[in-house]
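Protein chains in written order, with the working numbering: chain G, 1 to 336; chain B, 337 to 769.
A couple of the hints might just be wrong.
So, partial list: chain B residues that the calculated Cβ filter (under 8 Å) puts toward chain G [unchecked claim]: (1) Leu457; (2) Leu519; (3) Leu521; (4) Asp524.
FYI, nobody ran anything at the bench for these hints, they're computed from the structure. In this text, a Cβ means the ideal position worked out from N, Cα and C, and glycines have one as well.
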Amino acid sequence: MDILNAIVAFVNFVVIPATAYGAQLALGALGATLVYGILRFSNFAQGDTMAFGTMATILFTWWLQSMGVHFGPLPTALLALPFGIAVTAGLLLLTDRFVYRFYRKQRAAPTILVIVSLGVMFVMNGITRLIIGVEEQNFADGARFLVTAGDFKRWTGLDEGLAIKSSQAITVVTAVIVVAWLFWFLQKTRTGKSMRAFSDNEDLALLSGINPNRVVNVTWIIVAVLATIAGVLYGLDKSFKPFTYFQLLLPIFAAAVVGGLGNPLGAIAGGFVVAYSEVFVTYAWKKVLGYLVPADMAPDNLIQLLSTDYKLAVSFIILIIVLLFMPTGLFKGKSS
Amino acid sequence: MNTRNLILFGLVGVLYLGTGVFLSWNLALNILNLGLLSAIMALGVNMQWGYAGLFNTGIMGFAALGGLAVVLVSAPPEPQGWAQGGWGIMAGLAFGLAVIAFSTWIYRNLGKGTLRNAVLLVVLVGGFFAYRAILDPSVDAVEAFNPAIAGNIGGLGLPSLLAWPLGGVLAALAAWAIGKIALGLRSDYLAIATLGIAEIVIIVMKNEDWLARGVKNMIGLPRPWPVPYEVDLQQSAAFLDWAANYGFDPMTASSILVKVLYALLFAMVLFVVVWMSELALNSPWGRMMRSIRDNEVAAAAMGKDVTRRHLQVFVIGSAVVGFAGAMMTTMDGQLTPGTYNPLRFTFLIWVMVIVGGSGNNWGAVLGGLLIGWLWLIVETLGPGVMSVVTYGMSEGALKTHLVDSAQHMRLLTLGVILLLVLRFSPRGLIPEK
Chain G
1 MDILNAIVAF VNFVVIPATA YGAQLALGAL GATLVYGILR FSNFAQGDTM AFGTMATILF
61 TWWLQSMGVH FGPLPTALLA LPFGIAVTAG LLLLTDRFVY RFYRKQRAAP TILVIVSLGV
121 MFVMNGITRL IIGVEEQNFA DGARFLVTAG DFKRWTGLDE GLAIKSSQAI TVVTAVIVVA
181 WLFWFLQKTR TGKSMRAFSD NEDLALLSGI NPNRVVNVTW IIVAVLATIA GVLYGLDKSF
241 KPFTYFQLLL PIFAAAVVGG LGNPLGAIAG GFVVAYSEVF VTYAWKKVLG YLVPADMAPD
301 NLIQLLSTDY KLAVSFIILI IVLLFMPTGL FKGKSS
Chain B
337 MNTRNLILFG LVGVLYLGTG VFLSWNLALN ILNLGLLSAI MALGVNMQWG YAGLFNTGIM
397 GFAALGGLAV VLVSAPPEPQ GWAQGGWGIM AGLAFGLAVI AFSTWIYRNL GKGTLRNAVL
457 LVVLVGGFFA YRAILDPSVD AVEAFNPAIA GNIGGLGLPS LLAWPLGGVL AALAAWAIGK
517 IALGLRSDYL AIATLGIAEI VIIVMKNEDW LARGVKNMIG LPRPWPVPYE VDLQQSAAFL
577 DWAANYGFDP MTASSILVKV LYALLFAMVL FVVVWMSELA LNSPWGRMMR SIRDNEVAAA
637 AMGKDVTRRH LQVFVIGSAV VGFAGAMMTT MDGQLTPGTY NPLRFTFLIW VMVIVGGSGN
697 NWGAVLGGLL IGWLWLIVET LGPGVMSVVT YGMSEGALKT HLVDSAQHMR LLTLGVILLL
757 VLRFSPRGLI PEK
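Using the sequences and the accompanying hints, generate a full structural model.
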């Protein structure tokens, strides 16, 4: 029995990666859920919006780096983030003006809007691949680790190391700031309140003089902020590859549906539910169990429930369970 | 069929003929075969979207299941591989299904409450570990046997024509399972759930080596009955005489003959599917479907079981896609899970249906042939056009990047076409009557 080492191994291999991934998913799912709440359709272009925002940020990062600008121990990408967000917001506003607005005026069925978002996805995907290509891009710089495994072992004298990558720390800190700001914005400001009113009851909101175009534009700008930050954090933590971002669509929607589509709080909870389940199910528990049980009972195989190749299946199974047993999600999202 | 539609089909025919005359007949036939297959898939999707308004984003998964059927039916048997643990794998899978069935029974028959949840949890978790305990040793044994050329349980060694209907059946089963869960809820849920199932099918096919060798690919699948191999043709005296008689080069003539035979085979299937779809669409059943699509509440008030009808048409449409997916794999002669890509297999088919005209079977066929031609011709001509465009530029990173990026232009172009059609001609080229 070696509980301390078991806990450290658990934190190192499960809690830290899952928390960082959960924060990234939560930001992505917040974007999807906001579009759903305000514009009333599932935005299939969400993954590619993240990819586009990340690409824009990477380009600005390279430009800053070429000018010799660095952000000390922090990644230069954080400096480039506002530029990336601005470009993405511009693209989304243009898309809304030339694509979505027409259907909104017609009051088209949600399914039509989903197909339209599919077309937008194609275009964004094409632009991203055209500009930066399909290859993996690594754009993280600055300090690699906040705490390295070696340092941790020296401080504590334990066998098991605990490492915190700076990208993971940055992810969590940034996500907390962004989410706190978003909730402050939605709860306290006039625009935020009008957005919530619009989401609750469009007709009543219009009747009370809320300008729908303003609400929609602000929504797209917030979506650009959330998607770009989520994408950049994911890219810093792992790496940037357009197709991976497209595949994030499934965990993102699973997170949004788990929490209840249209419910921002639910999206955050959903992001962590999906991320933790994914890491729990695909982590090989051999090491942690090895510390907990007597040596002669130590497991001889990996004790891995599913191979990591199946991590998308985890999101899918969560999605199925939610659809079967609580279609409106944990936090009672919109059901129609 | 009115004059306008005939002209549209004629124009598409001219595109194919032009490809044959100006580029090569081999290429034209290649594109035609893929166009015919895409048209069949588009017909399946048109049933779901055009007749019933169901949004399926998992076409790739159903097509891949069709491909899997070809391996299971017509790949040569691996008696030794099977002997390593074939029965063990079957027992494991049967056990897994039994656990799911038993849990469903518990869920339905035990009263709501903590007891039910506890029993369900024990059955499912215990069942999962027992399932892995039964399955894993057999899987390891099969995969360890001669992994360089086999490592799988093999197929039945039957003619590959039999695989086509089985492809439809596999896709139908998957569609039934997913439809049972996601239909009857909000419309977006079906889209999200099918997007998921398609990814899962591909992941399973990539990782379960015992099934169809995973990413090691399954090659050398037999051709369907009337289609000969080029090599055999080139050695047959009758064929050589025939080619010499007409002054053809035997190499080219043999590959063209093979492609023509495929095209005839596919065209026959397409014709049967169109004929049956037209009958169904113009029958009381078809009218009921469209009335459900246009007003679910009214249809339900008339006593129609909306969810059941949705499930029915979803299963039938997916089966058609699976059938075409099996046809595609027999034509390729190999199953390569890595080549299934949602943009090519799901969203391209969507563009075909929308551009052709959703709700109209002939529209789906036209869309399949037209967009299929565009997609493949750009693949062939794109790099050439790009090198002409960049002719004056100096050699360098930018030029290489532009020439390489030609293939990504396809996504952009398709997206723009889809958006333009949706905006300015939402009923498509051949609108619904």
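Hints the structure violates: just list their numbers, smallest first.
-> 1, 2
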